[in-house]
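Take the sequences, apply the hints, and build the full model.
Which chain is which? The protein sequence lines are A and B, in order.
Residues in the first sequence are numbered consecutively from 2, following this note's numbering.
Residues in the second sequence are numbered consecutively from 6, following this note's numbering.
Any given hint could be a false lead.
Unchecked claim - Rough simulated footprint, nothing fancy, chain A against chain B, three-plus residues with beta-carbon under 8 Å:
| no. | region |
| --- | --- |
| 1 | 201 to 215 |
| 2 | 391 to 403 |
To be verified - What the simulated footprint calls covered on chain B by chain A, stretch by stretch (three residues with Cβ under 8 Å from a Cβ of chain A suffice, anywhere in the stretch; the number is not a length):
| no. | region |
| --- | --- |
| 3 | 411 to 420 |
| 4 | 460 to 473 |
Source of the hints: derived by calculation from the structure; they are not laboratory data.
Owing to the predicted nature of the structure, the values given are computational and were not obtained by experimental measurement.
Glycine included, every Cβ here is placed at the ideal spot set by N, Cα and C.
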Amino acid sequence: MNSALLLPMILFSSFFTGLIIFFLGESMHKARTFLNLLGAVLKVVLVVQLLAGVHAEEPYHSVLKLAPGVEIVLTADALSVFFVTLSAALWLLTTIYAIGYLERSPNRSRFFGFFSICVSATTGVALSGNLITFLLFYELLTLSTYPLVIHKGGDKALRAGQRYLAYTLIGGAILLFAIAWLQSLAGPVAFVPGGALAPFADEHAWELKVIFALLILGLGVKAAIVPLHGWLPNAMVAPAPVSSLLHAVAVVKAGAFGIVRMVYEVYGIELSRDLGLLHPLAIVASITILYGSFCALAQDELKKRLAYSTVSQVSYIVLGAAIFGPVATIGGIVHLFHQGIMKITLFFAAGNYAQALGIHRISQMNGVGRKMPWTTVAFSVGALGMIGVPPLAGYVSKWYLQKGGVEGGEPWISAVLSMSSLLNAAYFLPILYRAWFLSGSPEQEAASPAKRTDWWMLVLPPVLTALFVVYAGAFAETPYSPLEWAKMIAQREYEP
Amino acid sequence: MPTDPATAALWLVLIPLVTAVITFLLPSAGRCLVTVALAIALLPLMQLIQYLWVVDGSVIHALGGWAAPLGIAVSVQGDKAFLLALIWLVCVGVGLYSLRYMGEGYKAFWPLWMCLWAGLNGLVIADDLFNLYVTLELIGLAAVALTALTGEAAALKAAVRYLILGLTGSLLYLLGVALTYAAYGAVDMPTVAKVMTATPTGNVAIALMTVGLCLKAAIFPAHVWLPPAHANAKAPVSALLSALVVKGAFLILVRLWCDVYRNAQTSGAQEWLGYLGAAALLWGASQAIIQQRLKMLIAYSTVAQLGYLFLLFPLIPTHANAWPGVLLMLAAHALAKTAFFLAAGNVIWAAGHDRLRDLDIVMPRLPVTAFAIALAGVSLIGLPPSGGFLGKWLLLGVAMESERWWAAILLVMGGLLASVYIFRVLMLVFSGKAPSDAVSFQAPPPIMEWAALGMALAAIALGLASELPLALIERGGRP
Numbered sequence: 002m003n004s005a006l007l008l009p010m011i012l013f014s015s016f017f018t019g020l021i022i023f024f025l026g027e028s029m030h031k032a033r034t035f036l037n038l039l040g041a042v043l044k045v046v047l048v049v050q051l052l053a054g055v056h057a058e059e060p061y062h063s064v065l066k067l068a069p070g071v072e073i074v075l076t077a078d079a080l081s082v083f084f085v086t087l088s089a090a091l092w093l094l095t096t097i098y099a100i101g102y103l104e105r106s107p108n109r110s111r112f113f114g115f116f117s118i119c120v121s122a123t124t125g126v127a128l129s130g131n132l133i134t135f136l137l138f139y140e141l142l143t144l145s146t147y148p149l150v151i152h153k154g155g156d157k158a159l160r161a162g163q164r165y166l167a168y169t170l171i172g173g174a175i176l177l178f179a180i181a182w183l184q185s186l187a188g189p190v191a192f193v194p195g196g197a198l199a200p201f202a203d204e205h206a207w208e209l210k211v212i213f214a215l216l217i218l219g220l221g222v223k224a225a226i227v228p229l230h231g232w233l234p235n236a237m238v239a240p241a242p243v244s245s246l247l248h249a250v251a252v253v254k255a256g257a258f259g260i261v262r263m264v265y266e267v268y269g270i271e272l273s274r275d276l277g278l279l280h281p282l283a284i285v286a287s288i289t290i291l292y293g294s295f296c297a298l299a300q301d302e303l304k305k306r307l308a309y310s311t312v313s314q315v316s317y318i319v320l321g322a323a324i325f326g327p328v329a330t331i332g333g334i335v336h337l338f339h340q341g342i343m344k345i346t347l348f349f350a351a352g353n354y355a356q357a358l359g360i361h362r363i364s365q366m367n368g369v370g371r372k373m374p375w376t377t378v379a380f381s382v383g384a385l386g387m388i389g390v391p392p393l394a395g396y397v398s399k400w401y402l403q404k405g406g407v408e409g410g411e412p413w414i415s416a417v418l419s420m421s422s423l424l425n426a427a428y429f430l431p432i433l434y435r436a437w438f439l440s441g442s443p444e445q446e447a448a449s450p451a452k453r454t455d456w457w458m459l460v461l462p463p464v465l466t467a468l469f470v471v472y473a474g475a476f477a478e479t480p481y482s483p484l485e486w487a488k489m490i491a492q493r494e495y496e497p
Numbered sequence: 006m007p008t009d010p011a012t013a014a015l016w017l018v019l020i021p022l023v024t025a026v027i028t029f030l031l032p033s034a035g036r037c038l039v040t041v042a043l044a045i046a047l048l049p050l051m052q053l054i055q056y057l058w059v060v061d062g063s064v065i066h067a068l069g070g071w072a073a074p075l076g077i078a079v080s081v082q083g084d085k086a087f088l089l090a091l092i093w094l095v096c097v098g099v100g101l102y103s104l105r106y107m108g109e110g111y112k113a114f115w116p117l118w119m120c121l122w123a124g125l126n127g128l129v130i131a132d133d134l135f136n137l138y139v140t141l142e143l144i145g146l147a148a149v150a151l152t153a154l155t156g157e158a159a160a161l162k163a164a165v166r167y168l169i170l171g172l173t174g175s176l177l178y179l180l181g182v183a184l185t186y187a188a189y190g191a192v193d194m195p196t197v198a199k200v201m202t203a204t205p206t207g208n209v210a211i212a213l214m215t216v217g218l219c220l221k222a223a224i225f226p227a228h229v230w231l232p233p234a235h236a237n238a239k240a241p242v243s244a245l246l247s248a249l250v251v252k253g254a255f256l257i258l259v260r261l262w263c264d265v266y267r268n269a270q271t272s273g274a275q276e277w278l279g280y281l282g283a284a285a286l287l288w289g290a291s292q293a294i295i296q297q298r299l300k301m302l303i304a305y306s307t308v309a310q311l312g313y314l315f316l317l318f319p320l321i322p323t324h325a326n327a328w329p330g331v332l333l334m335l336a337a338h339a340l341a342k343t344a345f346f347l348a349a350g351n352v353i354w355a356a357g358h359d360r361l362r363d364l365d366i367v368m369p370r371l372p373v374t375a376f377a378i379a380l381a382g383v384s385l386i387g388l389p390p391s392g393g394f395l396g397k398w399l400l401l402g403v404a405m406e407s408e409r410w411w412a413a414i415l416l417v418m419g420g421l422l423a424s425v426y427i428f429r430v431l432m433l434v435f436s437g438k439a440p441s442d443a444v445s446f447q448a449p450p451p452i453m454e455w456a457a458l459g460m461a462l463a464a465i466a467l468g469l470a471s472e473l474p475l476a477l478i479e480r481g482g483r484p
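Here you go:
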């Protein structure tokens, strides 16, 4: 495959299918399903090819020049491929899930059209080679997720949508301002391992600090850093497949991924440390980790509890970026992947409970384990992984972060992480206890899941992701695990 | 067809003028003739662009065989060719739409529109102050007549207000031209530029012309005539007025301050135009946010978007990216606003009204129109990728380079304010209200929906395929 074409093809494999889907009639169910799956499978195939290429250190670079100093650049390095792989794989599963979930609901062409464009935008965020390209796809992500968030319609959804837009558009505007400022100081800024701003550090130190704060502000909205997280719990009005995607791969991840890019490939980890930017970032991330967990404790609505859990867990990634040293870097970056597969498992399961039994609250979950064993097993694996029980994926991330904190001279991180794990246990274990060991009221016990022939479309995705949570943890040291790939990224970041 | 590129520029004025006369005489053939005229105009336009592209210079032509100052000079550089192409493109969009939209009762539309087009092309290429006055009057009178086309009371009232303020504007401008001629004995711009100094006469002349043009360009606080006029006209007319007509006066202002008066710039006078731009941006957007009618919302959006053009006015002569940035903003707004007004026409066609409150049952049934509004909105807000974004990006760079932080913040804030009123409209699409048969709904013809979408796509494309237009703008010097 021509390497200049591969990246645009990965991008457009979902974009064009999305555009075609818009024009399909509501009743053309088969054509829509075929196109959805075609786009998703094609993307996975292309991404596998890219993985092999990047592992062999082949260069990928596609450029579209717009104006002097404005170029759309797509590149693929180890970090972007990591994120692209996550999004491509989970998109395929979410597509299957969404087809099953939205069966017989209205406006499906509109939904799947925006759904595909949303994934293209995420892919674009991952493959961006410079700041302006990143901004382009970051904003496209906002626009394409808005219709998904308010898909159900009605006043509640529209209000949540307004809030979502208010947060993300203001975040985007701040990001635009910061990027323009950076460009006026340093010219067009491309992402390079080790960072590109070191030559400007002496002359513009304080400007770079202010710009960094603005960048984090702009990205922090999507990454749901406290106190910029206000949109996320409200956005739970979205249908379950959207919540899964938003939390696992698309919106919050784009924010966290952006912060990782800024720290490692715009400023460079050494410059970030020298400017004194890492320590405040670590504190902000720690506050978010603890605050999110405390809020999660107080929620009875299952999806809201999961939402606050996301607020907390995504900041693990930020925390990893905020500690100097390769071990912490590995911990943060690998959590980008681990959090994705664990959280999507949980959201798939939550969607299944709502779909089959109409369960939205944790207090209604007594005894669901016996009625929906597969879904509940998957949910349990995801929850235990989040707590950090060995040998699941979450354990690996936390272990590396903890070790990295000690090595990076921030030993208090250990306390934050232990506290967070305790809180995670405190809000997840009661759910598992209810699901497996308690029995519900007589009428709850009498209700049984509706029988559907396509039920496998809803059960298979969480089971697969749960299996992968086990794999990523238990076989972390094998050659094709996320951990090994994260190690490769860290190595390339520290030895550019 | 012409072989000489300078004649090509003149053909672009002659073709619409001749068409105007014929359509006036043969009103029933208006549709057909205008289509032919738009097609024919493509020839001189392409020839002009090709010439500038290959030779990389400006085309100067003296009418009547005499050189300036006796003859009438016209000149075409890259930026003017860009504007001529933009005017043509907007006219094509409006034309496609009007084929179905303009019923038999509106025969006067075709000749008036052709006069407007001729005036705009003339304004772009003319090189002397008096000719500019002539084109301004031609545009102004045609625009007023077009506004009054519906004959409804609200439209007539708006048209009269427009007429009075427009005439005041052109009279002030004419007074300035007369003073200039009295003091310097010339009206062609290159000659005046050489001799004009910051004498009291020169200052008064420039001040009169500037005030007159500000009235016509509807820059805050002279915008009062614009919203009712643009909102009460027929949809294609609103599109032409917002996309092109108000820009005409702005273009003359740029030429006055950047070409003619450049040698005699008194410090700080043109700074005020920047401040007016800032005020327009804030006032227009905040008014758009509270409007109850779709077309009023769009009209106030124009007031705000004009602010972008003026915001960095003082920097146009000195910063390399300022003029291309302003031109991109201007073009992106022209295309996006055409799309928006045409889309609003579709909504009114479908629903019979444009009260935002009651549109939540209509908008979900117009997906193509809704898409047009969404894409136009992306450009108006300035989100990437769109012409509006690229223009804003260039201006943002200029503002930061010159450390005008207030302007940089306003550029970003303007986008946020725009997003508030754009999403007020887009939200209606997702209301989730089931279409009810109790409400009358008349599906607009597909060509009208696609014309709106086409214009919106052009605004987006301007942000992606911008290398060519930007290179064209650079040909043959800048103001």
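Hint check results:
{"no.": "1", "hint": "201 to 215", "result": "violated (count 0)"}
{"no.": "2", "hint": "391 to 403", "result": "holds (count 5)"}
{"no.": "3", "hint": "411 to 420", "result": "holds (count 5)"}
{"no.": "4", "hint": "460 to 473", "result": "holds (count 4)"}
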